[in-house]
Amino acid sequence: MAGGLGGILAAYEHIDAATEAISALKQSGYQEFTVYSPTPNHEIAHALEHPVSPVRLWTLFGGLTGLVTGFALTMWMSYDYPTAVGGKPIGSVIPYIVIMFELTILFGALATLTGLAFHAWRSNQSGPYDGRFSDDMIGIFVPCPVERRPAVEELLRTAGATEVKIETA
Amino acid sequence: MTATARPEKMAATRPTYADVTRDVVATLGNPSKAYYGLLAFVLVVLAIGVGALLYQIRIGLGVAGYTPPVMWGVYITTFVFWVGIAHSGTLISAILFLFRSTWRTAVYRTAEAMTVFAVMTAGLFPLIHVGRLWYAYWLIPYPNQRQLWVNFKSPLVWDLFAIGTYLTVSTLFLILGLVPDVAAIRDKATGWRKKLYTITALDWRGTDQQWRHYSRAYLYMAALATPLVLSVHSVVSWDFAVSIVPGWHATIFAPYFVAGAIYSGVALVITLLVPLRKVFRMERYITTDHFENLAKLLLFTGMIVTYAYVVEYFMAWYSGNQFERDAFWNRAFGDYWWATWTMIICNSFLPLFLWFKKIRRSIPALLLLSLFVNLGMWFERFVIIVVSLSHEYEPYAMGHYTPTWVEWAILAGSFAWFFTWFLLFAKNFPTVSIVEVKEVIPMPRRKMAH
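Quick mapping for you: the protein sequence lines, in order, are chains H and G. 1 is the number of the first residue of the first sequence in my numbering; add one for each residue after it. 1 is the number of the first residue of the second sequence in my numbering; add one for each residue after it.
Any given hint could turn out to be false.
The list that follows gives simulated cross-link-like pairs (lysine-lysine, BS3-like), each with its CA atoms no further than 30 Å apart [stated by the list, open to error]: (1) G:K188 to H:K165; (2) G:K33 to G:K194; (3) G:K427 to G:K33; (4) G:K33 to G:K188; (5) G:K278 to G:K296; (6) G:K194 to H:K165; (7) G:K427 to G:K278; (8) G:K188 to G:K427; (9) H:K165 to G:K195.
By construction, these hints were calculated from the structure, which means they are not laboratory data.
Take these sequences, add in the hints, and give me the full structure.
Set out below in C-alpha cells:
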C-alpha cells in the first residue's frame with residue numbers, strides 16, 4: 001500500500017463502528033487501506049473479505065519436503081555405507097518412519113514461519129501507526145490524494161471514529 | 001476480585017483491553033529484592049551443578065555411581081523427567097488451542113515457556129551421560145572421515161531427531177505467540193526496554209494483513225505441534241520398549257509415557273503458576289477456576305498413569321513370563337521398594353484428593369499435591385530405568401546402583417538451570433498472553449456503551 005501518498009488515519013473504540021467504516025469504504029470503492037487492531041478479529045476479517053491466507057500452502061509443501069527428505073536421508077545413507085545391524089534389512093523403512101515423521105513436522109513448521117514472514121512482513125502496509133492500536137483502539141488508515149480527503153474524513157467520522165487525523169506524505 | 005470468584009462474578013468485573021495491557025506490562029517493572037535473592041540462590045545451585053559436571057569431566061564417568069548392569073542412572077532418569085515436563089506446555093498451548101478451550105489463554109504462556117526451558121534442560125543430560133560430551137556431534141548425520149553414517153535403526157538417533165524437532169518447534173511457537181505481545185509492550189515501554197522490545201517485536205503493527213497470515217500460521221503451528229508432542233515422548237519410551245529388558249519391553253509404553261509426561265508437566269505448571277500469580281498480582285486473570293481446570297487435568301492424567309501401573313503388573317502376571325513377574329516383584333518388594341512406593345503414593349494415591357472440589361479449589365493444597373506429583377514422577381522414571389536394569393535375567397549379573405553426590409549435584413543444578421531461565425523470562429517477557437486474554441474479552445460496541 002502506498003503509505004507515502006498520505007491520507008486519513010481514524011481511531012475507533014467500538015468494533016461495530018470500525019466494521020461499519022470498513023464496509024462503507026469498500027462500498028465507496030476503496031480497496032487498499034490498512035486496519036490495525038490489538039487482536040485478530042473475525043468481524044474485521046469478515047468485513048475486509050480477505051481470501052484465506054496462502055501460508056497453508058507453505059505448510060503443506062514444507063511438510064512434504066520434510067517427508068521426502070527424511071526418506072531420502074535415511075535410505076541413501078543406509079545404502080551408501082551398508083552395515084547390517086540386528087539382522088534387519090539395510091534400508092529398513094519402518095524404523096525410518098520416525099525420522100520421516102519428525103522431519104515432516106520440522107520442515108512444515110519452518111516453512112510455515114517462512115511463509116508468514118514472506119506474506120505478512122512483506123505485505124507493504126506501511127501507513128502511519130499509533131501505539132494505542134496495540135492496546136484498546138482499532139485504527140483505519142486510508143491513503144488518498146488531497147482532493148479526496150474531505151470525503152474520506154466524512155465517511156470515517158460518520159461511521160463513528162473517535163479521532164480522525166490527516167497524515168501528510 | 002477474590003481468588004475464589006466464580007465465572008459470573010468475573011464477568012461483572014471483566015477487565016478491559018487497556019486493563020490487560022497495563023496489568024501485564026506492570027509485571028515487567030524493576031525486580032524486587034526478593035526476585036534478586038531468588039535468582040542469586042538458583043545461580044549458586046547452578047554453580048554447584050556446573051562444578052560437579054566439571055569434576056566429572058576432569059575425573060571421568062567413574063565418579064557417577066554406575067555399577068554393571070545399571071549403566072543408565074540418574075542422568076537418563078532426569079532426562080526423561082524433563083522431556084516429560086515439557087509436554088503439558090504444548091498440550092495447553094497447542095492441543096487446547098485446537099479444541100478452542102478459552103481457559104487456556106491466561107496460563108498457556110507460562111506453560112509454553114516452561115516447555116522450552118524444560119527441553120533445554122533435558123537436552124543436556126544425554127551429553128552429561130555419555131561422559132565425553134565433546135563427541136556428542138557423532139549423533140548427527142554428517143559425512144565423517146570414514147564415510148560412516150549414523151544408525152537410523154537406533155532409538156537414540158530417533159531421540160536426537162525428536163528432541164531436536166521439539167526444541168525447535170516449541171521455541172518457534174513460543175516466539176510466534178510473543179511477537180504481538182511484545183509489540184503491545186513496546187508501545188508502552190520507555191528507555192532501554194523500548195529499544196529491546198522494538199527489536200524483538202519484529203516491526204509488528206497488528207495490521208489486517210499481518211493478522212490474516214499470523215492467525216493461519218498459528219493454527220498450523222498448533223496443528224503440527226500436536227502430533228509432535230505425542231511423538232516425542234513415544235520416541236523416548238521406545239528407548240526402553242524396543243529393548244528386551246524385563247519391565248521395559250511393553251507395547252503400552254508410548255501412551256503410558258505420554259500420559260505420564262502430561263501429568264508431570266501439569267503438576268509443574270501448577271507449581272510455577274501459584275507463586276507467579278501471587279508475586280505478579282495476577283489473581284484477576286489466573287483465577288481459581290483456572291487452577292480447578294488444571295487440577296481436573298492432573299486428576300485425569302493421574303488416573304491414566306495409575307491405570308498404566310496396574311496394567312503393567314497385570315501383564316507381568318498374565319504373560320506367565322518368569323522374568324517379567326520377577327522384575328515386577330522386585331520393583332515392589334526388592335532393594336528399591338522405597339522408590340516404587342514413593343512413586344505409587346505420590347502419583348496414584350495422593351492425587352485422589354482431587355476428587356474433592358474443595359481440594360481442587362484450594363491453592364495451597366494444589367501446590368502441595370503438585371510438588372508430590374513432581375517427586376513421584378521423577379521416581380517413576382527412576383523405577384522404570386534403574387530398578388529394571390538392576391534385575392534382568394541372570395542372578396549373577398544383577399547389581400545395585402546408588403547415585404553419588406556428583407549425580408545429585410547435577411540433578412539439583414538442572415533445576416537451577418531451568419529456574420534461572422524461567423526467572424529471566426518472567427521479568428522480561430509477558431508470562432500472561434496479552435493478545436489471547438484480550439481475545440476472550442468481547443470488544444466494546446456502541447450499543448453496549450449506551
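Now for the hints, and whether the structure bears them out:
1. G:K188 to H:K165: holds (21 Å)
2. G:K33 to G:K194: holds (23 Å)
3. G:K427 to G:K33: Roughly 13 Å between the alpha carbons, so the hint for G:K427 and G:K33 holds.
4. G:K33 to G:K188: holds (24 Å)
5. G:K278 to G:K296: Holds. G:K278 to G:K296 sits at ~22 Å (cutoff 30 Å).
6. G:K194 to H:K165: holds (25 Å)
7. G:K427 to G:K278: Answer holds: G:K427 to G:K278 is near 14 Å, not above 30 Å.
8. G:K188 to G:K427: Since the Cα atoms of G:K188 and G:K427 sit roughly 16 Å apart, the hinted pair holds (cutoff 30 Å).
9. H:K165 to G:K195: holds (27 Å)
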